[in-house]
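Asks: Sequence order for the protein chains is A and B. Taking numbering that gives the first Met the number 0 as reference, the numbering of the first sequence is continuous, increasing by one, and the terminal residue is 177. Taking numbering that gives the first Met the number 0 as reference, the numbering of the second sequence is continuous, increasing by one, and the terminal residue is 67.
These aren't lab readings, by the way, just hints derived from the structure by calculation. If a hint is listed, it holds; no wrong ones were tucked in.
In silico DSS-like links for lysine-lysine, alpha-carbon gap of 25 Å or less: (1) A:Lys33 / A:Lys137; (2) A:Lys137 / B:Lys1; (3) A:Lys148 / A:Lys65; (4) B:Lys1 / A:Lys65; (5) A:Lys162 / B:Lys1.
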Amino acid sequence: MTDTMISQMSKMQNIMPEELLISIDKIYLEHLRKASRSAAGAELDEVCLIEFIKFFRLATTFPLSKIQISREIDLVWHAAILETKQYRNLNETLNNGNFLDHSVLDSESGLKYHSIDAEQDDFDVVLNYFHQFGEFTKNSLEFWPQARKICERNLINCSNLNKILSAAIDDALNSGKL
Amino acid sequence: MKAWISLPLAVLTGLLAACGKDDESKQKANDEQKTIKPSDLTSNNEAMLRVKDPSDCGYSNSKLRDND
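Isolated chain B (complex conformation) (with noise of 0.2 Å):
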């Protein structure tokens, strides 16, 4: 067995910190990467159906309706 070792609470803290940081600063690129651009919709249909209210692209539902 190696021999035992004790380190400050501090090192925890100091570490946990940085972990949260870091995990925060994933999700902020995640939420970004997530964000869906009207300029993406023209292009990509699967892209369109994942969004809920057509009207944040600029389209309304009697447009959508209109183009079908």
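Chain A on its own, in the form it takes in the complex (with noise of 0.2 Å):
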């Protein structure tokens, strides 16, 4: 790998998942905006395809985060899985080489991705969105059933549950855990 590619690498782990669509090959940004309006229909297929996109850097950067996805999201990610030459370089593109596998057959990855509940886990993986990618929305709230969760047992709504994150973050900082 040459420095100027290492470099763009580098700065391409700063940009924001919405910027990191132009670094995707065309058609098959176009075959995942498919996937997504087919999954989550006309009005959120542009969300769903950032959340996918934010799901997708997550879990590659951080393999054991116990990331729990909608299925509107898992469906994008079937999409793109099938095209397989595709895939591969989204995962250069995107996260470095660090390939990001799906499987429902292996018990710890069947775990990770599809029926973790744990309060411990959820937080985890709710405060670290919140830390990578910003606030929650209304609409990017559909596509995170472990910040759904949050919200749904506390009784809170969304512009609530950032507000924790905030504080919660702010905690990290004073505590000397950032």
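Grab the two chains, each in its own frame, and use the hints to assemble them into the complex.
Replies: This is the structure:
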């Protein structure tokens, strides 16, 4: 890998998911858009696509994170994997070549992405989503079951969730955990 | 990407409790504001229309009719 490529990669690590879309092959991006539309409907297709990219980055950068994804994100992921060559490129472009495997047979991966229901895991994932990508919106919340669970369990709305996560990040900063 | 953060669940529980208290006090303040006192009604016809039972304000229906 050349120095220029490494430099481009490291710059990409700080780019927001919305901006990363331009680095994806146009035909493949259209394929992912169609999958998002089919999974989430015309009103939320773009949000679904962006949230898929966020999941993709979070899951690859932090392979031990216990992320639970929505059915819609999973469907986009399935569509992404179908085009193997472009999926490999997507991993190289967005994740420094760290390959994000999908498995429901492997008990660890299966549990990891589909059925974890531990409050600490939920908090970790939601907190780190906020830390990396900023506030949840009413629409983006739809695609993150762990964030929805925190809201439902504690009878809070999206705005209160963001306030709590922001305060938690401040707490981490003040206590030197960041 | 920034580094992964891990905070104990107690942080979330504490913040939720604080948020709950905050909402509770806001709700109490709102409820107090919504309470219509009889004195509010003497010079405010619009407020009077919002009162379900005129007897709450010291007026009976017949008195209201008499005044008409």
